[in-house]
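Please construct the entire structure, taking both the sequences and the accompanying hints into account.
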Amino acid sequence: MLTYTIRRLLLAIPTLLFISFVIFAVIKLSPSDPTANLPLTIPPEVREKIRESLGFNEPFIVQFFLWLKQLVVTEPKVWMNNAFGTEFEIGQRMISYQTRSPVLDLIVQRIPQTLWVVGTSYVVGVLIAVPIGIISAYKQYSVFDQIGTFIAMIGFSVPTFFTGVLMILFFSVNLGWFPSIYDTTHVVEDWSSFLFQVKQMIMPTMVLALFNAAQISRYMRSSMLDNLTQDYVRTARAKGLTEKTVVLVHVLRNSMIPVVTVIALNLPSVFGGALITEQVFQVNGLGQLLILAIQGGDVPTVQTVTVIFAVLIVLFNLIADVLYGVLDPRIRYD
Amino acid sequence: MDGAKYISTVNHPIEEPIEDKAVLDVRNLETVFRTQDGDVHAVNDVSFSLRPGELLGIVGESGSGKSVTMMSLLKLLAMPPAEIVGGSVNFGGQDLLSLSLKDLRAIRGGDIGFIFQDPMTSLNPVFTVGYQLMEPLRTHLGMDKKAARQRAVELLELVGIPSASERLRDFPHQFSGGMRQRVMIAIALACDPKVLIADEPTTALDVTVQAQIIEIIKDLRQKLGMAIVWITHDLGVVAGIADRVAVMYGGQIVEYADVDRLYEDPRHPYTKALLQTLPSHGDERDERLVSIPGQAPNLKGPLKACPFAPRCSSVFDKCWTANPPSFDVSINQKSACWLEESNG
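Order-wise, the sequence lines are chains C and A. Quick note on numbering: our numbering labels position 88 of the first sequence as 73, and the sequence is numbered without any gaps. If you want our numbering, it's the position in the second sequence, counting the first as 1, plus 277.
Just so you know, not all the hints are guaranteed correct.
[Claimed, not checked] Straight-line distance between alpha carbons at most 20 Å, and here's what the computed PhoX-like set of lysine-lysine pairs gives:
1. A/Lys352 to C/Lys229
2. C/Lys124 to A/Lys352
3. A/Lys581 to A/Lys595
4. C/Lys13 to C/Lys54
5. C/Lys229 to A/Lys379
6. A/Lys379 to A/Lys423
7. C/Lys229 to C/Lys124
Calculated from the structure, these hints are not laboratory results. Just so we're clear, the structure is a prediction, and the values are computed from it rather than from any experiment.
Encoded structure:
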């Protein structure tokens, strides 16, 4: 398993290089000027100087490798200097066209908000979906199952930007229970500020959780149904085991194999889905950063955030495969 | 019937009263599947009893209700759609059908062991063989991990699995079909059951492995002395191991006799037809294999005529008017056929 993981990690390097090159090429193909957003009073010669200083006039390939060098050489050095007090020589850091601050610093600032909202919503989604899937399958066609199916259909088919706005209208405007805008400057220091944090997280989290839970509960249900009719379930009952043991140990363990894969594979796409939810609730996370960067023609930021998403996808693919091997003894990679 | 009890110990009547120490006594069992197209009467008025240490063979075609009968005893069928509508199952002085599910669980895998047809799918693929074998030990006998492990090794050795203690850590897919069926037998025998129900234990195995499994069960029966119900559609297997045989057709027992009687003097036309289909070693090669014409009956709705009538060679008017009850041919043979009415 370890050698398999290492081999896969090494194989991920050329994959990611290729992905980042394609992303870079796509962004470069769209015409954009880093100085376009600057005040009109800046004379053209100065603009040209600015472009030059940003490396914008270098050939395409050189720009790509410059970016790559900054990401994999310069930025780790900065991180080492900060973390361990080493004193590496640092060249030009990767600078955002828009804000003139290092891109990686921006990303590091934004990640906690995204992780809080996306991470919590995913955990909540899975925690809701798995029991619903189990009960729906065990009591197939019951009232519970019908309601679960109906809600899953709604959660799956209604986009988050619609449910998000609907929730704001209902809970913020009409009822006034929760704030409609996520305040990222809010600091949790005591009980009441913690309550406020929970309050402002509820809506974005629930919007995303509904969407995730809808999907995962369906996978869980069908996987349970597949396994409940298997012969080994009858064997387990014939051994005199309780229904709880039969369903939650024997059937669940088998049913989790495909579901865990789906959970792991879906996680990166949730970051993508959070793009829109972050916009709706004004959460200044990674998604919002990406959208603002696209609007401002901020090539390094767009490139880096997109590549981070690519890294997540590759990584969670690997995690899914490894988990598959852990859960299913019939699958061995070595 | 009253005098029959005292005739001899070898020549016992096939239906003894409950007080006569039958370990398992099934009376008038009826199971119905409630489907959208109507009720399917899968088990109709089935009665049999099992003495300690006895091996009862149950034979019949696919769909004759053999497995459903045995599953009904321990309520192992999915309910709904299945429903046990009548009868009683006396086991150790209590009626299994009226027990609570909790009490029934203590009997499943504890006093009554079950072996299923397909060893490839009957074991859980994600748990080790040791775990699955230790489960009934820990559930029923309350053993701790160490004691259960020790007993599990003994059990695997009992069913002839070499290097048992290492193999406990293996998963089912690391065993061959025959070895997996041995594991299933070990699981069924884990808690020293009084009754072992083997539902076509050799059907999914090839002939040489089949012979090994039969030998193991024969051997274990002698060592452990439990009563066995052996479900099969192989009359040859039954002839070699059973004490008594129940032939099932259309969800009911059509003939019930000591094994020797059944093969020497079969009375029900279905049994006769079945025995004729057996290929024999002495036959010329060019002779075609015999089959019973027609198909197994459709069991929708209660039986209003003999279910075998459409395929029967000795059919006469009465067969179409009512389903025959079981007639006593002799003290150790019963046949549900109108031809035996005068004997009953």
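Results for each hint:
1. Using a Cα cut-off of 20 Å, the hinted pair A/Lys352 and C/Lys229 holds, with the two alpha carbons roughly 17 Å apart.
2. A C-alpha spacing of about 18 Å is found between C/Lys124 and A/Lys352, which places the hinted pair at or below 20 Å, so the restraint holds.
3. With a C-alpha separation of about 11 Å, the suggested pair A/Lys581 and A/Lys595 falls inside the 20 Å cut-off, and the hint holds.
4. Restraint check for C/Lys13 and C/Lys54: the C-alpha separation of about 18 Å stays at or below 20 Å, so the hint holds.
5. The straight-line distance between the Cα atoms of C/Lys229 and A/Lys379 is roughly 12 Å, inside the 20 Å bound, and the hint therefore holds.
6. In summary, the hint linking A/Lys379 to A/Lys423 is not supported, as the alpha carbons are separated by about 26 Å, beyond the 20 Å threshold.
7. Of the pairs offered as hints, the one joining C/Lys229 and C/Lys124 holds, with about 14 Å between alpha carbons and a cut-off of 20 Å not exceeded.
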